[in-house]
Amino acid sequence: MATIERTRKDSFDFATMAPHLVWWGTIFLLCVTVFYPSVVLVANSFRTGDHFSLANFVQLFQTPRIYTSMINSFKVVIPATLLGTALGVVLAWIVARTNLPGKRIWQMFLATPYLIPPFVGAISWTYLLGPIGLVNKWYMELFNRPDPLIDIYTIGGMIFVMAIYGYTIPYIVVLPAIQKIDAAVEEAGTISGASKLRIMKDITLPLIAPAILGGMLLLFMNLLADFGIPAVLGAPKRITLMTTQIYQLIVNFDMPNHLQIAAANSMLLAVFGLIGLQIYQKIIKSGKYAVVSGKGPSVEPIKLGKWSVPVYLFLMVVVLVTTVAPIAAAIFTSLIKAVGVPATLENLTLRNYRIVFDIDSIKRAMINSVSLSAAAGLLITFLGLILAYMIVRVRTGTVGSRIVESLIAIPYAVPGTIVGLAMILAFASPLPVIGINLYGTYWILLIAYLSRFMNIGLQTITGAMTQIHPSLEEACRISGATQMQAFKHVVFPLLRPSIYAAFFLVIMPALGEITLSSLLWSVNHETIGVVVLSLQEEGKVTLTASLAVVLMLSVFTINLVLRTITKGKLGL
Amino acid sequence: MKKGLVVLLSMMLLLFTACASKSDPNAGQSGANQPGSNTSNTNAGNTDTQKEVSGTINLYTSEPQDLVNEMMNDFKSKHPKIDVKIYRSGTGEVISKLEAEAAAGKIQADVLWFADIDYFNKLAQEGKLEEYKSPEAQNLDQRYIYENGKYYEVRQIFNVIGYNTSKIKTAPTSWKDLAGSDFKGKVAIANPNYSGAAFLTLATLVNDSNLGWDYFASLKNNDVKFEQSNGNLSSKLASGEYYGVSVVDFMVRNAKKDGSPVDVVYPKEGSVLVPTPVGILSQSANKEAAKVLVDYFLSMDGQKLFVKQGYIPVKPEAGAPEGAPKPEDIKLFPLDLNFIGKNRDSLKQKFTELFG
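In order, the protein sequences belong to chains A and B. According to the working numbering, the first sequence is numbered sequentially starting from 1. According to the working numbering, the second sequence is numbered sequentially starting from 573.
It cannot be assumed that every hint is accurate.
As the list claims (entries may be wrong) - The list that follows gives simulated cross-link-like pairs (lysine-lysine, BS3-like), each with its CA atoms no further than 25 Å apart:
(1) B:K694 to B:K653
(2) A:K137 to B:K828
(3) A:K237 to B:K748
Unchecked claim - Partial selection, computed: residues in chain B whose CB lies under 8 Å from chain A:
(4) T742
(5) Q800
(6) A827
(7) S832
(8) P833
(9) K876
For the record, the hints were derived by calculation from the structure and aren't laboratory data. Quick reminder that beta carbons are idealized off the backbone N, C-alpha and C, glycines included.
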């Protein structure tokens, strides 16, 4: 031991110091990009003029539009969460427990909606269920009705789209939990004479209950924080949810104190996010039931038998509705010459794509989105690797580690709208001391992306690193390697797939990012999300569709690359 | 694993090239400040050689994205050294952006072009607009030159009625037709808080003794719908979601040209002339380039492109778009800037009260 201690002291060089430098550097950065904006946000929520009070909060409940938006949020998010969870659990169960043929392919298809940025999904759905969407048009022509069957620009429409895209979250969370159930437990039930239903109700369900609850909470937080879907579907009838209402408050410069009221509104919304996170972490910790150990033999799949056809049909309908139909509708819309012309062959054109790629701001937006995502991905992977090493190995369980972890978790746990607002409040005027003005620059977007997505990267790498037993490194050190060498030759190679994963898991959501971008963009610093939304708002239907198709294709391609690199272990 | 490394590396390369291209405009801008600024040769503003003027300018506008882009590509081909960056949104949001930037310390825009003449008026009174006598404005009708050249009208748009020809067989003739049973639940207007044209139309129709707020109440009874932008009105009119809308004329004209089943009606009571002025901010860092842009809008090249894009030009000799009436044949409501300026907030407030 003593010799090792000495080598540690002897090799007091840059290589060993580097992680510590990065550690303190990151803490400093976190203070600037997370802690400082949070404090400014909280302070602003209590500020009216030059004194502090609860007036902003009181005003929230006295302004009908704001008050209604809160009610709307729950009216939409609760049913969507329940529907999405039910769908996700049923699908996970079918995929995990039945002898369904072609399971791998189904597994991939069923997770696809997770890849589609929700606002792009919402836009695609308007081509089907908008008042003159394809479905409504067929209905009106077929039955000769003057009015559409379904109107998607409603609370109901939002619930539908949210559930359709949201089910993937509980699906992804619950699927591994079901797969890991020890067969012996269920067999014990069978031997004791319990019926299949009874086993399901009294054994299987309680076992996966924590996973279901966890998935449901994650979904709830995700939907509550979503900005894209209500922004697209709420605009025509001016239905606002909390996120879109906060956005409108932020941009409403006619209203005195609008940023402060938005800050107060954000505080309320953030509370839900943070409470959700707390409960989620409790469930995850307590949910590690020994029986879901994954070591027992897996359960024999249930034979579908006469249920084969209905189950197959059900899955086909799900894939058709959630993935194929909206994407097909978007592709179709992107190919028509003008809105309202009949869908004949001579009315199809690639002109819209040409126009889209010809518009300067769109070209800029593509370059910006790609460079922002790549920069965020690289930096997060790099910082995440070092931070994970510090958290898992060097400063295990210290107060410092916990502070760093929560500073990184906060911007991910609270809705993006709030992160955006905090950035505006903190960086709209020149920074104290150094006097740099970040608002209106490319860098504010990068900072926002970094703080927003850091958690994904860190969690991915920490998770992998916890699974590498320290004995491997110790063996290295005993054989005379430095800490740096041990890291380089032992830990790093083992982590490599997770490092790639962290990179791609960051760039996929970053490419289609809309919430932060729509608050922080400026001329020259547009992102794809911003231009899609602005084309949509401008009523350029065919151009919006073209850009949406391009965005979806990019994300799918990245996912494919990820799958290839990790040989199918990561990616969907 | 090697493959992954290659992907990572190529991403990094992409990032660096993107960063490199990022620094370009700054270089252009700092270079621009040296030559152009003290050469006040205003009458060199012809479309030919403009060797001295270069650099980047920001244009804040409510023009349709594709049209303004086409125009700037044409401008760029004639003035390759001037790079025009466009910020495009609804008039209301462009103004919000300006106020936000002003509050943050610096307005990033050099040239403004949107449909709120009252706001230009206010800016001019605050001395924020640069007075510029464009050589291209010498033979321009005086009514298109505002306040001695602080801002200009560069083409004309009118707020009119658009209707879907496959749903409505007898063309409407009057504003009041939109409140009739043919259009029940199928009529829409743009949100005056977002669209400048819609606000001006609201103000003008309210100010008309024959129509007034009663007219908007009758629209409400006819279950009128709202859209943020004229673009939305136009595409939803084309798709048949709406049968009739109050909209700017060129959009419907263009949709008709593309084959959509729509047509324009200039109502018998009058159409609403929607001024969409162009002005240069006096605090612009690159006024010379901005002036070249204004010259271009008023030049015969610019005017002809406007015609091609479906607009009625301010210089009649540039021609007229297909299917458009002669400007002198369009019956207009008077433009009462005094009324609009005074009632700006109360109109918007009353509108919000009426429609919730």
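Exercise. So which of those numbered hints doesn't the model satisfy?
Worked result: 1, 4 and 9
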